[in-house]
Every structure is written in structure tokens, then in C-alpha cells.
Amino acid sequence: MGHRQGHRSCEDHAHNAQGGGRASVTSGGIVAALALLVTGLSAQQQALGPQTDPAAIERGRALLGQECGFCHGANARGGSSGPDLTRSALVQEDEGGKQLGEFMKVGRPDRGMPKFDFSASQYADLAAFLHNAIYLASNRRLYKILDVLVGNPKAGESYFAGAGRCATCHSSTGDLKGIGAKYDAVTLQGRMVYPRRGGVPGSPAYEDRNAVRATITLPSGGTASGAIVRLTDFEVTIFDAATRQQRTWLRNGDTPKVVVSDPLQAHLDQMLKWTDADMHNVTAYLASLK
Amino acid sequence: MRKTIVSAVSVLSAVALLHAQTPADSWPTYHGDFSGQRYSPLKQISAANVKALTLAWVHRLNTGANGATVGGEGPDPRPGGGAPPSIKSTPLLVNGVLYVSVPDHVYAIDARSGREIWRYFWKTRGGDHIGNRGVGIYDKWLYFLTPDNYFVSLDAATGKERWHKEIASMKREYFSTNAPIIIGKQVIIGVSGDALDVPGYLESRDPESGEVVWRFNTTPRKGEKGSETWPDEYAMSHGGGMPWLPGTYDPELNLYYFGTGNPNPVLAGQSREGDNLWTCSIVALNPNTGKMAWAYQVTPHDTHDWDAAQTPVLIDGVIDGRPRKLVAQANRNGYYVLLDRTNGEHIVTSKFLDSANWVKAINAKGQPIRNPEKDASVPGTLVSPNTGGATNWPPPSFSPDTGLLYVGTSQTFSIFYLTDTDPHPQGWAAAERNTGNVGSALKAIDYRTGRVRWSRPLAMTATGSTGGAMGLLSTAGGLLFGNDGGGNFVAYDAATGKPLWHAGLGANTSNGPETFVLDGSQYVVVGAGDSLYAFVLQQ
Numbered sequence: 010m011g012h013r014q015g016h017r018s019c020e021d022h023a024h025n026a027q028g029g030g031r032a033s034v035t036s037g038g039i040v041a042a043l044a045l046l047v048t049g050l051s052a053q054q055q056a057l058g059p060q061t062d063p064a065a066i067e068r069g070r071a072l073l074g075q076e077c078g079f080c081h082g083a084n085a086r087g088g089s090s091g092p093d094l095t096r097s098a099l100v101q102e103d104e105g106g107k108q109l110g111e112f113m114k115v116g117r118p119d120r121g122m123p124k125f126d127f128s129a130s131q132y133a134d135l136a137a138f139l140h141n142a143i144y145l146a147s148n149r150r151l152y153k154i155l156d157v158l159v160g161n162p163k164a165g166e167s168y169f170a171g172a173g174r175c176a177t178c179h180s181s182t183g184d185l186k187g188i189g190a191k192y193d194a195v196t197l198q199g200r201m202v203y204p205r206r207g208g209v210p211g212s213p214a215y216e217d218r219n220a221v222r223a224t225i226t227l228p229s230g231g232t233a234s235g236a237i238v239r240l241t242d243f244e245v246t247i248f249d250a251a252t253r254q255q256r257t258w259l260r261n262g263d264t265p266k267v268v269v270s271d272p273l274q275a276h277l278d279q280m281l282k283w284t285d286a287d288m289h290n291v292t293a294y295l296a297s298l299k
Numbered sequence: 003m004r005k006t007i008v009s010a011v012s013v014l015s016a017v018a019l020l021h022a023q024t025p026a027d028s029w030p031t032y033h034g035d036f037s038g039q040r041y042s043p044l045k046q047i048s049a050a051n052v053k054a055l056t057l058a059w060v061h062r063l064n065t066g067a068n069g070a071t072v073g074g075e076g077p078d079p080r081p082g083g084g085a086p087p088s089i090k091s092t093p094l095l096v097n098g099v100l101y102v103s104v105p106d107h108v109y110a111i112d113a114r115s116g117r118e119i120w121r122y123f124w125k126t127r128g129g130d131h132i133g134n135r136g137v138g139i140y141d142k143w144l145y146f147l148t149p150d151n152y153f154v155s156l157d158a159a160t161g162k163e164r165w166h167k168e169i170a171s172m173k174r175e176y177f178s179t180n181a182p183i184i185i186g187k188q189v190i191i192g193v194s195g196d197a198l199d200v201p202g203y204l205e206s207r208d209p210e211s212g213e214v215v216w217r218f219n220t221t222p223r224k225g226e227k228g229s230e231t232w233p234d235e236y237a238m239s240h241g242g243g244m245p246w247l248p249g250t251y252d253p254e255l256n257l258y259y260f261g262t263g264n265p266n267p268v269l270a271g272q273s274r275e276g277d278n279l280w281t282c283s284i285v286a287l288n289p290n291t292g293k294m295a296w297a298y299q300v301t302p303h304d305t306h307d308w309d310a311a312q313t314p315v316l317i318d319g320v321i322d323g324r325p326r327k328l329v330a331q332a333n334r335n336g337y338y339v340l341l342d343r344t345n346g347e348h349i350v351t352s353k354f355l356d357s358a359n360w361v362k363a364i365n366a367k368g369q370p371i372r373n374p375e376k377d378a379s380v381p382g383t384l385v386s387p388n389t390g391g392a393t394n395w396p397p398p399s400f401s402p403d404t405g406l407l408y409v410g411t412s413q414t415f416s417i418f419y420l421t422d423t424d425p426h427p428q429g430w431a432a433a434e435r436n437t438g439n440v441g442s443a444l445k446a447i448d449y450r451t452g453r454v455r456w457s458r459p460l461a462m463t464a465t466g467s468t469g470g471a472m473g474l475l476s477t478a479g480g481l482l483f484g485n486d487g488g489g490n491f492v493a494y495d496a497a498t499g500k501p502l503w504h505a506g507l508g509a510n511t512s513n514g515p516e517t518f519v520l521d522g523s524q525y526v527v528v529g530a531g532d533s534l535y536a537f538v539l540q541q
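Chains as they are written, first to last, in the working numbering: chain S, 10 to 299; chain X, 3 to 541.
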């Protein structure tokens with residue numbers, strides 16, 4: 010969970026990773042999480058690191074396929090008679106093939122595991138492959154999303170124009186022209202559901218065109234409006250686009266009066282309405298707008 | 003000093019009734035007392051005078067090694083220290099000294115002046131440094147856990163190390179965050195980590211030797227009760243269930259209550275058909291033996307990382323005119339449950355997160371049963387809440403004066419993409435992409451019915467609603483201390499949720515607030531990021 014990205018919790022359980030970004034939640038925890046990210050300590054979020062020798066991994070993969078795959082599967086996740094090696098405590102605790110080699114030299118004949126007389130570098134290659142597989146399983150930031158475009162573009166087009174009311178604000182020949190060529194399918198689907206981006210380097214969130222806005226009724230009777238930097242029970246700070254400055258008023262109860270407007274309100278409302286099938290269909294439709 | 007510490011701890015141990023209080027000048031265990039209510043009978047600070055609450059001191063944690071007592075098995079620290087820590091522990095207060103921790107660091111701070119007495123620096127080998135919930139104290143000894151899985155004991159007076167014991171393997175992606183809870187002579191700790199598919203366990207350790215007294219496995223072994231809820235021994239021995247937060251205790255029943263973590267693989271259930279006991283459960287066990295008395299699974303066959311580690315809050319209440327011993331939990335899955343804590347009998351289930359969209363039905367036992375269509379899928383499934391949950395680890399509060407359970411919530415959404423379609427997926431097995439939050443709020447739940455009595459929206463920014471889960475404290479002064487999601491520490495009217503006082507700390511509070519009396523003055527202490535703040539009434 011979004012530790013690196015933005016949810017406070019994971020943390021809380023230590024769940025890191027979310028890939029591409031759309032951090033939506035901000036809190037003190039996030040500030041800390043971002044600080045970690047920026048200072049490069051994020052590697053410490055996980056005990057395991059990547060294997061650094063791709064050639065050794067490939068040699069290990071080939072060796073496993075030849076010598077071990079029959080029982081343990083070509084991906085080492087277990088086969089007809091042998092257990093998943095990547096979940097084996099012995100393998101996980103192994104250091105560079107040392108413990109693995111000691112075990113394999115003896116085998117476990119009583120349970121059908123023969124002994125293997127490999128060279129030290131072969132044990133190391135096998136270990137490199139296995140530790141790499143373990144690392145990839147453990148690091149969800151690296152998971153690759155598969156085929157997202159399973160929906161029916163025609164059904165998506167109907168939903169776009171009909172029940173989804175997307176056409177109220179958007180047009181396939183206007184703002185969305187060519188959108189399918191602009192984004193990959195995962196990004197497209199994510200932005201379709203929720204187009205707002207959080208602050209990105211060099212661009213504060215309040216300068217995003219989709220920033221939530223506030224209109225404040227001033228004591229003088231006039232009004233001020235702008236993107237919300239911060240709105241609490243005790244203060245309101247907006248970004249005044251004309252002067253490019255932040256302006257703050259302290260609040261006491263509902264004074265001064267603040268009215269919030271979110272340019273993405275329709276997307277928030279729709280978030281509660283999407284079926285997954287409709288979501289996939291509209292994604293397929295938008296992806297077809299090349 | 004030793005004598006005073008012993009007396010504070012023995013008073014805690016002797017608490018016979020839930021509402022018997024620990025001494026006003028101490029906070030000797032994670033929740034202040036064993037109930038998990040985080041309710042204080044102190045009322046010097048009240049709704050009538052809270053406007054006069056003012057800063058007594060600020061203490062910013064020093065994470066440098068220079069001047070610290072140094073221990074640990076890792077390499078020497080880099081000069082300059084690391085990133086600023088976030089205080090997630092609730093400091094203990096014993097004999098005028100606050101003991102607070104962040105990953106790899108423990109501090110003794112003079113509670114009157116806010117000055118450091120000593121600090122301890124642990125040289126880490128690595129591991130997930132996501133947080134540390136706090137220290138435990140027994141006699142003159144402190145206990146804490148490290149991200150690289152050591153159980154460490156320090157001399158409370160000096161910060162010198164007594165011993166450290168390894169409790170789990172870092173190479174299997176275990177890490178440790180729990181605050182030790184001491185019941186009698188049992189020091190109860192648990193492990194964390196669900197990046198690989200390893201089994202969870204809770205342990206009691208001997209306070210003198212640090213060795214294991216008993217171990218409770220959070221998934222069954224072959225032939226044990228609960229094993230019928232897994233397809234095979236292999237699945238349950240890789241089934242997760244990390245007990246990563248401190249629990250609560252009823253001395254009369256001699257039962258310890260704690261929540262277990264999510265099953266593994268985390269977001270894909272195809273290799274673990276069945277309910278997957280005892281994951282995502284509230285478990286009651288005998289702290290002397292580690293034997294389970296009963297368990298209630300709040301999320302059967304979880305597929306969204308919604309552990310049940312949130313505080314099981316003990317309440318002595320009245321249901322249908324009859325006094326009952328109860329346990330309540332506002333669960334990460336968006337539902338509130340109320341049980342009879344003598345036997346686990348279900349009393350109430352109620353939805354407190356409006357946006358939650360994953361439940362097909364509530365079954366006869368009151369359990370929310372998932373809609374399998376809301377499991378992660380290859381093309382993506384839109385789910386609320388996200389993996390962070392409706393709420394999370396920060397401790398809630400219950401006030402017996404108002405009958406309300408207070409909890410910070412957020413209505414997040416994510417698209418869950420199944421990435422590992424193997425019949426035996428591994429690790430998380432799916433990716434998550436956040437798609438926003440339709441509204442965070444501080445909620446007050448009527449413990450008897452589960453109905454939300456009041457709900458107060460939290461702060462807004464340019465990206466929408468913000469804040470959510472937060473540490474809370476209620477008091478007999480009619481106050482509820484928490485944050486507003488916008489960097490303010492706030493005293494709310496506990497009955498209505500109206501804000502009565504605030505301090506702009508600039509960062510949201512990051513731990514559970516606490517209160518105590520020293521020299522006749524009531525203090526409120528809270529952490530926000532790397533600093534502790536203490537408040538007292540202006541004289």
C-alpha cells in the first residue's frame with residue numbers, strides 16, 4: 010500500500026508499492042513516506058535486493074530447466090513431485106548457493122531427492138536464479154500488469170454516450186481525440202476513473218487544472234477563489250492564479266464562508282457507479298481513439 | 003526508581019475491572035491500560051477550559067549515533083543520520099520518564115522538561131522500517147523490536163543493553179514493528195511481513211531470559227482446528243496472518259485479544275480456497291499458555307489486504323438491558339463488529355464506510371462475505387476501500403461517557419490488477435493503482451448498534467479529501483483528541499464532534515495521543531512526524 014505512494018497505511022502494514030501514480034491521500038505519514046523516497050532510503054523498505062548478474066540468472070534458469078524442472082517445475086514453483094523451491098526456507102535463507110550446494114551434494118534420498126554434484130559456480134548460478142525469482146515475487150512494485158483491453162469498444166461507446174454521461178463533458182473528436190495513442194491502457198483506465206494527479210516534481214498539486222477549488226466570501230462582502238492549498242476547520246489557503254500567490258484566511262466556525270467546487274465531481278460520483286464491465290468497455294473504447 | 007516502576011507495573015497487573023484505572027501519573031503500556039479504550043478519567047482539562055491549553059515543550063528526536071548507546075548487528079551508521087523518523091509509538095510514562103521509540107531508536111525523555119535523558123541506537127541489518135509501535139516495561143527493563151527482527155531489552159534507567167535475541171528471519175521478509183505487551187511474566191510480541199508467503203505467529207517471551215515461553219501460530223498446522231478452511235497443509239503453512247499490532251487484555255477472564263493479519267498470497271485467493279482461519283480474525287487466548295479460547299473471523303478469505311489487526315476495544319456495556327463483557331472493532335474492511343468477549347458470540351455487524359463495495363452478504367454469524375467479482379482481475383477491478391483500508395493501525399478511542407467508538411476513516415478506491423495467474427501465485431500476486439478518495443472523516447460509532455452518530459469531514463487539498471486513520475484519545479473532560487487531516491492537532495467535543503481547540507503542528511499527528519498528571523498538572527502528549535509535543539493548561 011501505498012507507502013511509497015501515498016497511503017498512510019501500508020505502512021502500516023508495511024505494504025509498499027503502488028506503481029504509477031496517482032497519490033490521492035495526503036497526510037503526515039505521507040510526508041514521511043515521501044521523505045524516505047526522496048532520500049533514497051526506500052531500499053530499506055524491503056530486506057531483499059535484486060540479483061546483480063543477469064548472466065548468472067540465465068545460466069541458473071537453464072540449469073534448473075535441465076536438472077530440476079522435471080520435479081520442481083520450469084519456474085521452480087513446484088512440479089509433479091517436488092515442492093516450490095522459491096518458497097523453501099532453505100533456499101530463502103541461502104547465501105550465494107552455499108547452503109543450497111551443501112544440501113544438494115547430499116540430497117534427500119529418503120524423499121526422492123537425489124544428490125547433485127555440481128560445481129560451486131553452478132550452485133551459485135542456481136541460487137542467483139532462485140533468489141531473483143524470490144525477489145520478484147516479494148516486490149510488488151515490479152509486478153507487470155497484463156492485458157487490460159478485454160472490453161467491448163462498441164458497448165463502451167454506448168455507455169460513454171448514454172448511462173455513463175461521459176459525453177456531457179467529453180468528446181471523442183474534441184478533448185479525447187487521439188487519447189488511445191497518448192496513454193498505455195493501464196494509465197488510460199486509471200485516468201478515466203480518476204484523472205487528477207497529485208503534486209509531481211516541479212508542479213504543485215494546486216496548479217493542476219483539475220485542482221479542487223474554493224470560493225471564499227470575504228468580510229468586505231466580495232469573494233476570492235482559487236485552487237485549495239489547504240482547507241481545515243481553522244484556516245483556508247488558496248492559490249490566487251492572478252498573482253501566483255497563496256492567500257490565507259483563518260476560520261472561526263463557518264466564517265468566512267467557504268464553498269468548495271471540484272471539477273472532477275462527476276468522476277467522484279461515477280466512482281460509486283462503475284461496474285467493472287462498464288469500466289473495461291469504456292477503456293477499450295477510449296483505447297480505440299487513436 | 004526501581005521501586006516506583008515496580009509499583010506502576012504491579013498496579014497495572016492488578017487491574018481487576020476494566021474501568022479501574024492505572025495511576026494518573028503513569029501510562030505504563032501501549033494503550034495506557036489493558037482495555038484499548040484510550041479513555042482517560044482525567045478532567046482537569048475539559049471542554050470548558052481547553053481553549054487555555056498551551057505548549058509545554060517540543061522534543062525533536064535526534065537520530066544520530068553520537069552520544070547514544072549503540073547496539074545491533076548491522077554496519078556502522080552513515081554519518082548524518084537517515085531520513086526524519088515518524089513517531090508511531092505511544093510513549094510509556096513511568097516515574098516521570100517518557101519512553102518513546104521509532105525504528106532502530108529508543109529514547110528516555112524527562113516528561114516535565116521534554117529533555118532527553120538517554121537514547122539508544124540500533125545498527126540495523128535492514129528490513130522494512132515502516133514503523134515501530136512502542137516499548138514495553140517490566141520491572142526495570144524495557145523491551146522493543148527492531149525492523150531486522152531482534153527482541154531487545156534495555157535498562158530503563160540508563161538505556162544500556164541487557165541482551166538481544168533474533169525472533170524471525172529477515173531473508174524471508176519478516177520484519178518487526180509490534181509494541182511488546184506485558185501481562186504478568188509474559189512479554190507478548192508478534193511478527194510482521196507479507197511480501198513473501200510466510201506464516202505468522204505470536205510469541206510470549208520470558209522477561210528475564212528473552213527465550214520463548216509459548217508460540218501461537220496464526221494459521222493451523224496439519225490436523226489442527228481451522229485446517230479444514232484451507233485446501234492443504236502447504237497453503238496454510240504459507241498463509242500469512244501477521245499479528246503486527248499490540249492487543250488488549252481482560253484480567254478477570256484472563257484472555258488476551260489481538261487481531262491477525264491478512265492471508266497470503268495477499269491479493270489472489272486461487273491457491274487458498276476456503277475461509278483461511280485464523281487470518282483476519284479477532285483471537286482470544288490465555289496469556290499464560292498461548293492456548294486459544296475462541297476466535298472470530300472478521301473477513302473470511304480476504305483478498306484485499308484487510309487484516310484485522312486494528313485494536314479490539316474492550317467495553318463493559320449493556321445490550322438489551324443486560325450487562326455484557328464486549329469487544330468491539332472498527333475493521334479495516336469498512337465494517338464494525340461487536341462480540342461477547344467471554345466466548346466470541348456475535349452481537350452486531352454494521353457498515354461504517356459508505357463507499358465499501360466488496361460485500362455480497364452478511365452471513366448468519368455476522369461476517370461480511372465477499373463478492374468474488376470484486377477480487378483482483380487481469381483487466382482490473384475497482385474496489386473500495388483500497389488496500390490501506392477504511393481505517394488502519396492508528397489506535398481508535400472509546401468513551402464510556404458518550405458510548406461512542408471514535409475512528410478516523412477514508413473512502414479510498416483502487417483498481418486491483420491480478421498479475422500472477424499461476425495456480426500457485428506468490429507474494430501479493432496483484433498490483434494496485436489508487437484512484438482517489440471520495441471522502442475522509444472522523445466518525446463516532448454507537449457501540450451498541452454500530453450506527454454512526456456523527457461524522458466530521460477531514461481536511462481538503464487541491465487533490466481532494468485528505469487524512470483518515472488517526473490516533474485518538476477521549477477523556478472524562480468531555481474531549482476527544484485527534485487530528486483533522488490537515489496538520490492540526492484538535493480537541494473535539496466528544497459528544498458532538500465540534501472542534502473546541504487546535505494547535506497547528508504543520509504535520510498530522512502520527513501516533514496515539516496520551517494524557518497524565520505530573521505535579522498536579524494534566525499533560526497531553528502527542529507525536530507528529532519526528533517531534534513530540536506536550537500541552538498543559540496555561541496558568
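Accuracy of the hints is not assured; some may be wrong.
[Unchecked claim] Okay, the calculated bits of chain X under chain S, using three or more residues with CB under 8 Å as the criterion: (1) 138-144; (2) 155-167; (3) 376-384; (4) 485-493.
[As the list claims (entries may be wrong)] Calculated cross-link-like contacts (lysine-lysine; reagent style BS3-like; alpha-carbon spacing at most 30 Å): (5) 124(S) to 353(X); (6) 282(S) to 187(X); (7) 191(S) to 173(X); (8) 114(S) to 173(X).
No wet-lab data here; the hints were simulated from the structure.
Beta carbons are placed, not taken as given, at the ideal position from N, Cα and C, and that holds for glycine.
Self-check item: Residues of the stretch 376-384 of chain X with Cβ under 8 Å from chain S, three needed, outcome
Solution: Held - the stretch 376-384 of chain X has 6 residues with a Cβ nearer than 8 Å to chain S, which meets the minimum of three.
Quiz item: Would the pair residue 124(S) and residue 353(X) pass a check requiring their Cα atoms to be no farther apart than 30 Å?
Solution: violated, 57 Å
Quiz item: Keeping to a limit of 30 Å between CA atoms, is the pair of residue 191(S) and residue 173(X) held or broken?
Solution: Given pair residue 191(S), residue 173(X) is violated - Cα atoms ~41 Å apart, limit 30 Å.
Quiz item: Taking a Cβ-to-Cβ distance below 8 Å as contact, does the stretch 155-167 of chain X have at least three residues touching chain S?
Solution: violated (count 0)
Quiz item: For the pair supplied as a hint, residue 282(S) and residue 187(X), is the alpha-carbon distance within the 30 Å limit?
Solution: violated, 54 Å
Self-check item: Holds or violated: residue 114(S) to residue 173(X), with C-alpha atoms at most 30 Å apart
Solution: holds, 23 Å
Quiz item: Under a C-beta cut-off of less than 8 Å, do 3 or more residues of the stretch 138-144 of chain X approach chain S closely enough to confirm the stated coverage?
Solution: That given contact is violated, which follows from only 0 residues of the stretch 138-144 of chain X lying within Cβ reach (below 8 Å) of chain S.
Exercise. State whether the coverage of the stretch 485-493 of chain X by chain S holds or is violated, taking the criterion as 3 or more residues with Cβ-Cβ distances under 8 Å.
Key: Holds, because 7 residues of the stretch 485-493 of chain X bring their Cβ atoms closer than 8 Å to Cβ atoms of chain S.
Comparing the model with each numbered hint stated earlier shows that hints 1, 2, 5, 6 and 7 do not hold.
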